[in-house]
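Colleague: Knowing the structure of chain A, use the given hints to seat chains C, W, F, H and Z on it.
Chains as they are written, first to last, in our numbering: chain A, 1 to 288; chain C, 1 to 288; chain W, 1 to 288; chain F, 1 to 288; chain H, 1 to 288; chain Z, 1 to 288.
No lab work stands behind these hints, which were simulated from the structure alone. In this text, all values refer to a predicted model and were calculated from it rather than measured experimentally. There may be inaccurate statements among the hints.
Since the list gives no way to pick out one identical chain from another, each pair is judged satisfied if it fits inside one copy or across any two copies.
[Unchecked claim] Keeping only pairs whose Cα atoms sit at most 25 Å apart, straight-line, the calculated SDA-like set for lysine to any residue is:
1) K260 / S72
2) K260 / A78
3) K260 / R156
4) K260 / A7
5) K260 / L164
6) K228 / G79
7) K260 / V199
8) K260 / L56
9) K260 / E211
10) K228 / E144
11) K260 / P288
12) K260 / S240
13) K228 / P137
14) K260 / T138
15) K228 / D280
There are 6 protein chains.
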Amino acid sequence: LTQASDALTKAAVLTETLPYIRTYHGHTVVVKVGGEALDDPQLARVVAEDMALLALVGIRLIVVHGGGPQVSAAMQQAGIEPRFVAGLRVTDDASMEVVSRVLVGSMNTALVGRLRQAGLSAVGLSGLDAGLIEAVPTAGPEGEDLGRVGRVEIVRPDLLTTLLRESYTPVIASIAPSADGVSLNINADTVAGAVASAVGAAKLVYLTNVEGLYRDLGDEGSLVSEMKSDELASMLDSLSAGMRPKAASAVDALQGGVAKVHILDGRVPHALLLEIFTEDGIGTQVLP
Amino acid sequence: LTQASDALTKAAVLTETLPYIRTYHGHTVVVKVGGEALDDPQLARVVAEDMALLALVGIRLIVVHGGGPQVSAAMQQAGIEPRFVAGLRVTDDASMEVVSRVLVGSMNTALVGRLRQAGLSAVGLSGLDAGLIEAVPTAGPEGEDLGRVGRVEIVRPDLLTTLLRESYTPVIASIAPSADGVSLNINADTVAGAVASAVGAAKLVYLTNVEGLYRDLGDEGSLVSEMKSDELASMLDSLSAGMRPKAASAVDALQGGVAKVHILDGRVPHALLLEIFTEDGIGTQVLP
Amino acid sequence: LTQASDALTKAAVLTETLPYIRTYHGHTVVVKVGGEALDDPQLARVVAEDMALLALVGIRLIVVHGGGPQVSAAMQQAGIEPRFVAGLRVTDDASMEVVSRVLVGSMNTALVGRLRQAGLSAVGLSGLDAGLIEAVPTAGPEGEDLGRVGRVEIVRPDLLTTLLRESYTPVIASIAPSADGVSLNINADTVAGAVASAVGAAKLVYLTNVEGLYRDLGDEGSLVSEMKSDELASMLDSLSAGMRPKAASAVDALQGGVAKVHILDGRVPHALLLEIFTEDGIGTQVLP
Amino acid sequence: LTQASDALTKAAVLTETLPYIRTYHGHTVVVKVGGEALDDPQLARVVAEDMALLALVGIRLIVVHGGGPQVSAAMQQAGIEPRFVAGLRVTDDASMEVVSRVLVGSMNTALVGRLRQAGLSAVGLSGLDAGLIEAVPTAGPEGEDLGRVGRVEIVRPDLLTTLLRESYTPVIASIAPSADGVSLNINADTVAGAVASAVGAAKLVYLTNVEGLYRDLGDEGSLVSEMKSDELASMLDSLSAGMRPKAASAVDALQGGVAKVHILDGRVPHALLLEIFTEDGIGTQVLP
Amino acid sequence: LTQASDALTKAAVLTETLPYIRTYHGHTVVVKVGGEALDDPQLARVVAEDMALLALVGIRLIVVHGGGPQVSAAMQQAGIEPRFVAGLRVTDDASMEVVSRVLVGSMNTALVGRLRQAGLSAVGLSGLDAGLIEAVPTAGPEGEDLGRVGRVEIVRPDLLTTLLRESYTPVIASIAPSADGVSLNINADTVAGAVASAVGAAKLVYLTNVEGLYRDLGDEGSLVSEMKSDELASMLDSLSAGMRPKAASAVDALQGGVAKVHILDGRVPHALLLEIFTEDGIGTQVLP
Amino acid sequence: LTQASDALTKAAVLTETLPYIRTYHGHTVVVKVGGEALDDPQLARVVAEDMALLALVGIRLIVVHGGGPQVSAAMQQAGIEPRFVAGLRVTDDASMEVVSRVLVGSMNTALVGRLRQAGLSAVGLSGLDAGLIEAVPTAGPEGEDLGRVGRVEIVRPDLLTTLLRESYTPVIASIAPSADGVSLNINADTVAGAVASAVGAAKLVYLTNVEGLYRDLGDEGSLVSEMKSDELASMLDSLSAGMRPKAASAVDALQGGVAKVHILDGRVPHALLLEIFTEDGIGTQVLP
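Next comes chain A alone, as it looks inside the complex (with noise of 0.2 Å):
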């Protein structure tokens, strides 16, 4: 009997879910990961697992990733306090080069690897490679120096479609040269809009450590389920720090050509196959 429920059960899910395949096969999702989800190698794990099967049915990943708690850990590690002007992290060459072998060496190295692990051909990338994210240096929102920090001039997709369209999935570390080639420290969030928006992504995805976007900073009732560019643009100002840089970027992207953006609670189990699989979303979803 149970066995029979099992089945109905099963076939159920199936019934309702498969249709979602044909929505997204073929098309292409951004997935922002931060830095706190891959701390936890366990949650780490699911997301991985989410992504193998998302590539399974068709979709074509690319995932961005930041990593601010594990450069602060290594900028103190090796001597170096980290200093922020209005959340961004004062970059000196020597911090540079802790970020370059953090993000690059170890961070983006470590996903590659988990997705490997999951069934995935992820391969490496950042925004050096094959000139794939040329950015220019910018100073802090009053003209502080900010040493090698830069936002995004220019992404070129070309590599990102050649592996795609091989089945390759990439996974962009959140640096790039400026045009002279000299690497710059850049926001992981608006390096995913940007990519996402050159690539012409479906949905843009910020896997982030809160249920999603609120209407009134602290005030948990105010959760927002569904919302317009449009209104999105206006609150700017009113939101927290972190989620400031993904709520610019979901308004460029969808701009940009984006056609949704979702904020999700990357801390709930399986949040990215259920936010792709079923019609109930999860967190907060931005429409252009």
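Modeller: Leaving out everything else, chains C, W, F, H and Z in the frame of chain A:
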């Protein structure tokens, strides 16, 4: 709370079932549907929807159908009394006209229509189309004249290959011409087996109106869940008249390179879907 | 001597006719064959052989057929009295079942078989296959309920294109489903015209059982050998009931981009072959 | 009445001849045209038109030509007396210059022009182009020094394949360089045979100025309509000087995989067309 | 020591020259070679080798040649006195036969042979081949009857494109038929310009027997190293008779989309190679 | 004058060197760059420019790099004392983190950046990407536990093939995962050899900091300019510790189908360019 557990259930089912997509993506599965399954509109709808879901995840489906009961009914309506020798319908010229009209003009068009409603680009065929199947007339086991009854001599799979490559779903009625162009009535189970061999199918599925294959005819406890082709070959004589052509075709198909044959209870809702997507088989599975 | 003159005759005919191959090579010609032509086995064989020769020289053929007389006969056999309103068959559910069985299961399979014997890779289709034709129910000219009678709403030529590209010859029976999947009985002349427009045919040929189009109904001397679409449009009301749908479809097809429409006497042996390969037309030719 | 009988004749000829299109469609036929045929403008025009018709129905033509009479005339004009050893022209450097100018610069361009007027995209070639043919110098039968006379050593068919694939008609003049780049005068009959083998031609046709091959030289009644390669090989010594290289090349070509060799009377109008399109051969046909 | 400095020199040259490969890789360069250059065997060999090197690095070469001196010599040999009107050779039918024989049958085959020896797969062509060039007869500047002299009316580049795509090097002799198939004698400089426009060449190079273009005819100090198309157009009347058609064709070619025209001294060894691979031009370069 | 001699020199160098482009066009060359070469910015720039020139002329480059000195420095900075057994770095987990960060996050990104500045579309990889390399842990020669040190077990060249086909230049850091996903430290010389075999490279080049291979260690006069694989295999034990893995990998690569291995002095400017483009080798060349 319920919603969370519901989400967990969905995630669990997806995690279990999606990997089967990788196994069968791009592979060809031949499904023989019995006339009985097509007589129950509710069941026929579920079968059509399951097939549409399979096509959705990249399985290349070929459907073969018979129509014994419907042919007998139409013959009686036309004043011809059905007559059988060793389970084979004696088919004079007038009967053959009825067979062709009912199988091709009524059951095939109805099934094509149903599959189309479920979202599939189904294309109705018979052995006549583009010389798909060539048959030879056969006599009964003791040399009885059966009239226009034949067995499959050649399958030319080019038309099927063309249609599958362009994502159409061929639906084959079991009549076929002899070399000199005379239409013959062919057993649909053997058509399914011969087609499965000819296209190199990964699976051949018989959707029947029994639970599976019984080791001892009449003993429900002797349902076989898995067996080897050799063993099945040695059991052929002890099988029921309806099961014998399925079993013989299964043995032939496995020798012809088909990887697995399944005999499923088509009356179980979503039997086809569950067979493809879950580990515990339903009915009987025969291996080479 | 005779042999030499015979050789000269052959050379002369070849020299005259072969250049037409260049004109039509790779172009699509839609031929509507009336039910009468298919009833005379000798004529039907010649028509099939002509079609095979056309395909041989690189013409892409699509065949459309009706089957009025045969349907009426089968209805009477089943105890249903055929009834017509303004030349349109009143078709209740039982009649529709007869229509489908006779057109698809009997006449289409017979024509496919004949073409196969003549060397063509013919594939039998109806409007149901892969959603080839979508129809809408129609009433009689004065709003009479005609039951399951429809007219062509949409032609989706993908399946035809796929088959023609691979050198198959589609043979279309004139039934088609409505948007919600109910099979309807459609006039074969209008199916031929709509299909010719949809595939961008170079020619649409009606093989009829009259010599062509008469300017004055009943006056044999008024046979028209060539006319413009406009003139034909203005004559529609004065035409015989059987000619009217051909003429109306011809006008539509010419507007839809078909280059020429021919109304030929299918009873003249090799009418089709001579029409394509010689300069002096047979029957009536209509230009845009 | 006459018109009807005329129509019937046309239909009969078409019905007889069109099936040959299937036989040769896409196959390659090499035609050697003698210098005599090219000297009669009327005949040359008919030959060109026949070739255009063959190309029209999908036959891939390669034309090879000699030009003995024209070369002799030009040599005499230049004050050089033609001299032959065993039918081979003794060719000193000054003579070779005349050969090259006449064959390539006069006869080849004239034939290319004629074929172009008849509707073919002809491309003039010699053995020099893209290393098409490599030759070796040869002495006379008793070791006589013949100067710049050679025989075919290698045929590199790539250029021919490229041109045929794009529907061009190669027209080859029979001169070719030695391995070290010295142009040599080659017998056009042997060039035709070697090219036919190299491209795997379905047919090699010699358009000559005799009725065919005679079993007994001088006895018109001994014209052979069909013979085997072996028999021809055994007859080589008894043949006329002009027929010998044709016959020897025919034997070689049949061994090299060419399916049939024809020796036709090029003076019969449309000989080429009738040979391809009718059952009763003209002239002599040699089988492997 | 010498070896080391030699190595440094090689490295320096490679470092300077290899980047030009990127600039021209896959681009088409049309080179017009004068009859004089072809008369000096040593020079002709070097030119052939330079062309082979250019092809080697991925440049698609088209060679056009004239043959004025050689034609005049052959005419005199045939007892015809060359006669010119405004630099154009008066060409009666007998002269045209000489032109065709010398250009196509002698100079073109010799150049093709030379290029083949240097490693190129050269294919000799004239305007007759596959309708490459169509010409119209022209009169002299004051309406003089020049006989069979023409100018380029149409260039159909398909054959060139086919050959270049398969890495063949077309070598074009400057004769071409009129629309009704009469061969005409065309100035090779204008053929080169028209072909360069038709294929969208990146460069058109005239290999001449002068150092370049002089601003003041006769003043060696007035050699122009670079000029604009407009300026050249305004100078046409003051140029030497031999330079005028080059200059006029250069102006036309630049208007027709060719990026640069070069007038080089073909007597300088490796002029062609150095022009392509070094920064300091040789001779005169004309820009749009 | 000087300019003329300069032009002659350029022409001479081009004439000598360009033919080598034919030899290597489209072939794959694997270059191993030592950590030392990358430490000297001037040298590293020249190497990058040479590589860009090679890619320019159609050579498909794969770059493999180590980073011994840089890793040791970083370990000491992190307070870990480097320890070696038989030339192999003992690598505990903390050391492996340093290896990964330095090789992938610092040296690989720097080299990718440099190649990008020189004009190459370089893509940084390690053995982790898309399962490019699978390694197995190895012990020291006497069974010593070396921690996370491994040797190449499998190279899966698909990702390299994809990137090369699209004109990207893979740059591989020498770390690779075991079958169960643990990153291991691998000798870069053996990675280069294994990759060269796997992709069927035409050449494997070791850019070292010695002049080449000495027959007698310590005797500069015993520099070998060319040797056979067999002889090198027999010398393995007598080689310096740094040369041994290069030599052993060279032997393996030559057995694996690589056509030539070169051991060059990377300190000589343009060593790579001269090796490819001139006849006199530099350093030592090993043949199968």
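Colleague: None of the hints should be skipped; say for each whether it holds.
Modeller: Going down the list of hints, with the structure as the test:
{"no.": "1", "hint": "K260 / S72", "verdict": "neither (32 Å within a copy, 47 Å between copies)"}
{"no.": "2", "hint": "K260 / A78", "verdict": "neither (41 Å within a copy, 45 Å between copies)"}
{"no.": "3", "hint": "K260 / R156", "verdict": "within (22 Å within a copy, 31 Å between copies)"}
{"no.": "4", "hint": "K260 / A7", "verdict": "between (34 Å within a copy, 21 Å between copies)"}
{"no.": "5", "hint": "K260 / L164", "verdict": "within (20 Å within a copy, 33 Å between copies)"}
{"no.": "6", "hint": "K228 / G79", "verdict": "neither (45 Å within a copy, 53 Å between copies)"}
{"no.": "7", "hint": "K260 / V199", "verdict": "within (14 Å within a copy, 37 Å between copies)"}
{"no.": "8", "hint": "K260 / L56", "verdict": "both (21 Å within a copy, 23 Å between copies)"}
{"no.": "9", "hint": "K260 / E211", "verdict": "within (18 Å within a copy, 46 Å between copies)"}
{"no.": "10", "hint": "K228 / E144", "verdict": "neither (33 Å within a copy, 51 Å between copies)"}
{"no.": "11", "hint": "K260 / P288", "verdict": "within (7 Å within a copy, 48 Å between copies)"}
{"no.": "12", "hint": "K260 / S240", "verdict": "within (21 Å within a copy, 57 Å between copies)"}
{"no.": "13", "hint": "K228 / P137", "verdict": "neither (31 Å within a copy, 42 Å between copies)"}
{"no.": "14", "hint": "K260 / T138", "verdict": "neither (28 Å within a copy, 42 Å between copies)"}
{"no.": "15", "hint": "K228 / D280", "verdict": "within (17 Å within a copy, 45 Å between copies)"}
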